[in-house]
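Here this note's numbering is used: the first residue of the sequence shown is 366, the next is one more, and so on.
I should point out that these hints are in silico values taken from the structure, not numbers from a laboratory. Among the hints, erroneous ones may be present.
As the list claims (entries may be wrong) - Each computed BS3-like pair below joins lysine-lysine, with the alpha-carbon atoms no more than 25 Å apart:
no.	residue 1	residue 2
1	K480	K399
2	K498	K526
3	K578	K378
4	K558	K378
5	K427	K390
6	K558	K599
7	K599	K399
8	K525	K586
9	K566	K526
10	K586	K378
11	K526	K506
12	K599	K427
13	K378	K599
14	K578	K399
15	K390	K599
16	K501	K480
17	K566	K498
18	K579	K558
19	K566	K377
20	K525	K378
21	K501	K526
22	K586	K377
23	K525	K501
24	K399	K378
25	K526	K586
26	K506	K480
27	K558	K525
28	K390	K377
29	K377	K558
30	K579	K377
31	K526	K558
32	K566	K525
33	K378	K579
34	K566	K378
35	K566	K586
Unchecked claim - Ranges between beta-carbon positions, derived for each pair:
no.	residue 1	residue 2	range
36	Q468	D403	30 to 38 Å
37	Q452	I600	17 to 25 Å
38	N464	E444	17 to 25 Å
39	G405	E522	33 to 41 Å
From a predicted model like this one, the values you see are computed outputs, not experimental measurements. Each residue gets a CB set at the ideal place from its N, CA and C atoms; glycine is no exception.
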Amino acid sequence: MSRLSQVFQSGKKILNIYCTAGYPKLDSTLTVMKALQDSGADIIELGMPYSDPLADGETIQKSSAIALDNGMTMQVLFEQLAGMRQQINIPVVLMGYMNPVLQYGFEQFCADAAKAGVDGLILPDLPQHEFEKTYKAIMEKYNLNFIFLVTPETSEERIKKLDQLSSGFLYAVSSSSTTGGEKDFNEVELYLKRLQGYGLKNPILVGFGIRDKKTFYGACKYAQGAIIGSAYIKIIQHAQSPEAITRSFVQSILN
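All chains should be modelled from the sequences, with the hints used to inform the complete structure.
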């Protein structure tokens with residue numbers, strides 16, 4: 366059973382926190398990941414910095430720009446993750462975009478991710494057809510979960526199709542926008558209730574606009590958990606101690 370499957374079997378509401386590799390400092394990656402794990406996060410979504418993201422709002426774009434300026438590259442990322450599983454035992458999902466993955470070489474990327482102990486991938490600009498035709502078999506070869514995103518505008522037919530192709534969980538984007546913005550949670554609830562009624566095979570994690578205890582548990586009423594990104598990225602940029610600020614932030618969500 367995969368680490369992602371195991372974490373959802375716990376039955377608790379899952380807190381997935383996004384952090385950007387190489388941010389706020391180039392060598393911060395494992396320090397931040399360890400702080401998240403030790404503070405109570407259930408899953409880490411590790412962003413691979415990219416200069417032209419599709420889904421990231423201003424805060425995460427800025428963190429990616431800082432990480433790239435720090436010198437983060439795919440090669441450096443995998444060097445940093447080489448000893449990850451000596452410290453990190455919760456699931457780790459890499460999130461990024463196809464261009465740098467293709468530049469690295471898709472199969473080599475999957476091989477290095479699996480070797481480092483990565484559990485799954487989120488690549489929002491990988492189209493469904495190309496996934497099925499070319500990339501699904503490669504990910505399965507390396508036992509990597511792949512998580513598709515759905516939005517309130519995604520049709521029921523397509524949601525069910527993407528759910529069948531996903532493994533690990535299905536990423537429910539709370540609204541058709543970039544990360545970090547304010548959301549109307551009455552509308553989000555209606556959307557999540559609709560997803561709940563589809564009888565999907567994967568657990569659902571809600572992302573975009575989740576920033577505090579209220580929005581986390583609001584999303585969790587109709588899903589197995591939620592993903593926090595921009596709110597966490599903001600607080601660690603100038604933190605003297607990533608461990609202390611992370612502990613305080615995670616406890617403000619869970620307690």
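Hints, verified against the model:
1. With a C-alpha separation of about 19 Å, the suggested pairing of K480 with K399 holds against the 25 Å cut-off.
2. Distance check on the hinted pair: K498 and K526 sit about 14 Å apart at the alpha-carbon level, within 25 Å; holds.
3. About 12 Å separates the Cα atoms of K578 and K378, which keeps this hinted pair within 25 Å; it holds.
4. For the hint pairing K558 with K378, the CA-to-CA distance comes to about 16 Å; that is within 25 Å, so the pair holds.
5. At roughly 13 Å between alpha-carbon atoms, K427 and K390 fall within 25 Å of each other, so this suggested pair holds.
6. For a cut-off of 25 Å, the pair hint linking K558 to K599 is broken: about 30 Å separates their Cα positions.
7. Proposed proximity of K599 and K399 is supported: the alpha carbons are some 18 Å apart, at most 25 Å.
8. Restraint check: the Cα-Cα separation between K525 and K586 comes to about 21 Å, which is no more than 25 Å; the hinted pair holds.
9. The hinted pair formed by K566 and K526 meets the criterion: a straight-line CA distance of about 11 Å does not exceed 25 Å.
10. A distance of roughly 9 Å separates the Cα atoms of K586 and K378; the hinted pair therefore holds under the 25 Å criterion.
11. Restraint check for K526 and K506: satisfied, since their Cα atoms lie roughly 21 Å apart, inside the 25 Å limit.
12. At roughly 10 Å between alpha-carbon atoms, K599 and K427 fall within 25 Å of each other, so this suggested pair holds.
13. With a C-alpha separation of about 23 Å, the suggested pair K378 and K599 falls inside the 25 Å cut-off, and the hint holds.
14. With a C-alpha separation of about 21 Å, the suggested pairing of K578 with K399 holds against the 25 Å cut-off.
15. Distance restraint check for K390 and K599: the Cα-Cα separation of roughly 14 Å lies within the 25 Å cut-off, and the hinted pair is therefore satisfied.
16. Between K501 and K480 the alpha-carbon distance is near 18 Å, which keeps this suggested pair within the 25 Å criterion.
17. Using a Cα cut-off of 25 Å, the hinted pair K566 and K498 holds, with the two alpha carbons roughly 22 Å apart.
18. As the CA atoms of K579 and K558 are separated by approximately 18 Å, the hinted pair is consistent with the 25 Å bound.
19. At roughly 18 Å between alpha-carbon atoms, K566 and K377 fall within 25 Å of each other, so this suggested pair holds.
20. Taking the CA atoms of K525 and K378, the gap is about 23 Å. The hint holds against a cut of 25 Å.
21. For the proposed pair K501 and K526, the alpha carbon gap of about 14 Å is at most 25 Å, so the pair holds.
22. Between K586 and K377, the direct Cα distance comes to roughly 12 Å. Compliance with the 25 Å bound is thereby established for this hinted pair.
23. Pair hint K525 plus K501 holds up; C-alpha atoms about 17 Å apart against a cutoff of 25 Å.
24. Taking the CA atoms of K399 and K378, the gap is near 20 Å; set against the 25 Å cutoff, the hint holds.
25. Simply put, K526 and K586 have alpha-carbon atoms about 24 Å apart, close enough for the 25 Å limit, and the pair holds.
26. Simply put, K506 and K480 have alpha-carbon atoms about 12 Å apart, close enough for the 25 Å limit, and the pair holds.
27. A hinted pair counts as satisfied when its Cα atoms are at most 25 Å apart, and K558 with K525 qualifies at roughly 15 Å.
28. As the CA atoms of K390 and K377 are separated by approximately 32 Å, the hinted pair breaks the 25 Å bound.
29. Note on K377 and K558: the hinted pairing holds, with a Cα-Cα distance of about 19 Å set against a maximum of 25 Å.
30. Pair hint K579 plus K377 holds up; C-alpha atoms about 17 Å apart against a cutoff of 25 Å.
31. Taken as a hint, the K526 and K558 pair is honoured in the structure, with Cα atoms around 18 Å apart against an allowance of 25 Å.
32. Restraint check: the Cα-Cα separation between K566 and K525 comes to about 9 Å, which is no more than 25 Å; the hinted pair holds.
33. Pair hint K378 plus K579 holds up; C-alpha atoms about 13 Å apart against a cutoff of 25 Å.
34. Restraint check: the Cα-Cα separation between K566 and K378 comes to about 17 Å, which is no more than 25 Å; the hinted pair holds.
35. For the given pair, K566 sits about 18 Å from K586 by alpha-carbon distance, which is consistent with the 25 Å threshold.
36. The hinted range of 30 to 38 Å is satisfied by Q468 and D403, whose Cβ atoms lie roughly 34 Å apart.
37. A hinted range of 17 to 25 Å holds for the C-beta pair Q452 and I600, which are about 22 Å apart.
38. Between N464 and E444 the CB atoms are about 21 Å apart, so this pair conforms to the stated range of 17 to 25 Å.
39. Between G405 and E522 the beta carbons are some 38 Å apart, a value that agrees with the proposed interval 33 to 41 Å.
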